[in-house]
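Q: Listed below are the residues making up each chain.
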Amino acid sequence: MNGGHGVTVRVDACGKTFADGTRALEPVTLDVARGETLVFLGPSGCGKTTMLRIIAGLEQPDLGGRVLFNGNDVTGIPIEHRNVGMVFQSYALFPNMSVADNIGYGLKIRGVGRAEREARVAELVTLTGIEGLEHRWIDQLSGGQRQRVALARAVAVRPSVLLLDEPLTALDAALRERLRGELDRLLRMLGITTIYVTHDQAEAMVLGDRVVVMRKGAIAQIGTPRDIYFTPANRFVAEFVGAANLVEAIAANGTISLPGGQLAVEDASAAGNVVAMIRPESIHVVAPDTATLSGLVERVSFVGNRQRLTVSGATQRPLLIDAPNTLEMRIGDRIGLDVDPRAVRILPGERA
Amino acid sequence: MRNRLIFAGQFAFTLAVAAFLIVPAILSMVAGVTANYFRGVRSGLTLQWVMQVWELYADTIARSFVVALATLGVTLLVGIPAAYALYVRGGRLSRAIEEIITLPLAIPGLAIALALLLTYGGFSNFRRSWLFIVAGHVVFTLPFMVRSVMAVFSLIDVKTLDESASSLGASPWRRFRDVIVPNARSGILAGSLMVVTLSLGEFNLTWMLHTPLTKTLPVGLADSYASMRLEVASAYTLVFFVMIIPLLVVMQLFADGEGRQVARR
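In order, the protein sequences belong to chains A and B. Going by my numbering, the first sequence opens with residue 1, and the numbers climb by one from there. Going by my numbering, the second sequence opens with residue 1, and the numbers climb by one from there.
There could be a bad hint or two in this list.
Stated by the list, open to error - Away from chain B, derived, C-beta distances all over 10 Å, residues of chain A:
id : residue
1  : G45
2  : D62
3  : I79
4  : A92
5  : R110
6  : R136
7  : P225
8  : T326
Stated by the list, open to error - Listed next, with one range per pair, are the computed distances between beta-carbon atoms:
id : chain 1 : residue 1 : chain 2 : residue 2 : range
9  : A       : P95       : B       : G90       : 55 to 61 Å
10 : B       : V17       : A       : Q60       : 28 to 34 Å
11 : B       : T46       : A       : D139      : 39 to 45 Å
Everything labelled a hint here was simulated from the structure, so no lab data went into it. Ideal Cβ positions, reconstructed from N, Cα and C, are used throughout, including at glycine.
Extracted from the complex, chain A is given alone in its bound form:
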């Protein structure tokens, strides 16, 4: 929405070593544009929450690290003066206040008058779809309702930056998916600079303008969801984001040689032992006699909207393929495999 709201965030050489000597975060530098949604994605213990807490002001970075909002150094400013909005994994709603009082608390702290406060609370109640719950206590709300209240409370103060720490993790799968869509709509509408932490790659894909994949306290890759998915920088990203076949092969002259045949690749410069990534959905089943690569169907799992085949013989380890659900397939069938050269990604820096 017209260039977005909120501030630009710059994290400058922020590392974190805890008192017991554990290195939670290697020094990281990155920029978040105004109005952008940046997602930190990674397994637990990768440092993504520490990163968020440093930006929030709940943790201090190691010496030399700085956090800048709109170019101003806020490293020494405590969280209560940073004007952030934060949603916690456990929501951390105040049990001693009603829903409306929870949402209005930040405004009350800022000395906003009662009438204005009530108007803003009403606005947010509508925005987050929790009409009629204003006077409930927190322990009378469902998980999804709590999540909405937490979000409403965080954005009520018109924060400079919105920080969300695994806000959907505490919910069951179906609800998580629905709220993910709602959250996406809301974040687009608010257009506020948002930093979102999750271990769920689907959330990262849907919500992120850019995704920062983290591993063991360091950044594994930064990019748009498409970058991350189609051109992963390394084996970790390829395997963490979506399903991936990592095949060991010998490359020469624009093809890679595999136990079951050959595949053309786009990257003609690749040579020697390489690791290539092929997503299951980019492998097409064709007649075996016309294909350059073939294998034997080892297992067929019908998922509903597709079927997942496990094919042996084509590559060293069994290959996973997502095939159309209408394809008649039996165990032991020999099938041909066709892959668009652009869908074969040679992983840089990985040696077989």
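Following the hints, put chain B in place on chain A, whose structure we already have.
A: This is chain B only, laid out in the frame that chain A set:
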């Protein structure tokens, strides 16, 4: 076979409780309203001993409540912020401080009293006032308040509540007032009742710290046992029970109520 053993065990336990706790307490209270203990209840029931206790010890009883309330006041003012700081800050230093606060539970009251006397006995105005006893009681009861409040803190994950209030712009004081204290209410109440009950019943420390002019309920009880007729001392016990039992009942009711509330969450 096993069930019968369990039954026998429970029966024996019940009998033991009755024999060593309930029966002596009742006998003692009955003695307090008996005209002549040595002739037994046949000598008739009377309230004269209770009246005598009241006349002799009304000020002691009143002082006990003043001491208990003052102790409560101090433990509230010191204990809740201390529990907040210890819990939210965490770390090794906090644990060390918590251990030190808890130390009086393990040290005999007499030893604490002696230490207080050695250190502050020289300030004679302080030494002679009931505030000296309050000081002793605070040392003794503070761990109960701090522990009870900290237990609730961990139950409601007060650290995240504190962080979320701070993210909304609340200063430490506002957080403490608006979020921490209201949500720790159950622990504060439980701690308060414990402090008042302990203070009213405290003997060890108080016996060492008191002067003839600053006696409290239990010290007066010892005094009356030592120097009065048995009926008077027993009447004193009766008075003591009447004072303390309602507190215990409230405490129990409250604990039950909170238990249910927490279970509902």
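Q: Does each hint hold? Answer for all of them.
A: Do the hints match the structure? See the list:
1. No beta-carbon of chain B comes within 10 Å of the beta-carbon of G45(A); the shortest separation is about 19 Å.
2. The claim that D62(A) lies off the interface holds: its Cβ sits roughly 17 Å from the closest Cβ of chain B, which is beyond the 10 Å cut-off.
3. Listed as a non-interface residue, I79(A) fails to keep its Cβ farther than 10 Å from every Cβ of chain B; the least gap is roughly 5 Å.
4. Some Cβ of chain B comes within 10 Å of the Cβ of A92(A); the nearest lies about 4 Å off, and the non-interface call is violated.
5. For R110(A), the requirement that its beta carbon stay farther than 10 Å from each beta carbon of chain B is not met, with the minimum near 6 Å.
6. Distance check for R136(A) against chain B: the nearest CB is about 14 Å away, which clears 10 Å, and the non-interface claim stands.
7. Once the 10 Å rule is applied to beta carbons, P225(A) is consistent with being away from chain B; the minimum gap is 27 Å.
8. The beta carbon of T326(A) sits about 50 Å from the closest Cβ of chain B, which is more than 10 Å, so the claim that it is off the interface holds.
9. The supplied range of 55 to 61 Å is broken by P95(A) and G90(B), whose beta-carbon atoms lie about 22 Å from each other.
10. At about 56 Å, the CB distance of V17(B) to Q60(A) disagrees with the hint of 28 to 34 Å.
11. In this structure the supplied range 39 to 45 Å is violated for T46(B) paired with D139(A), their Cβ-Cβ distance being about 55 Å.
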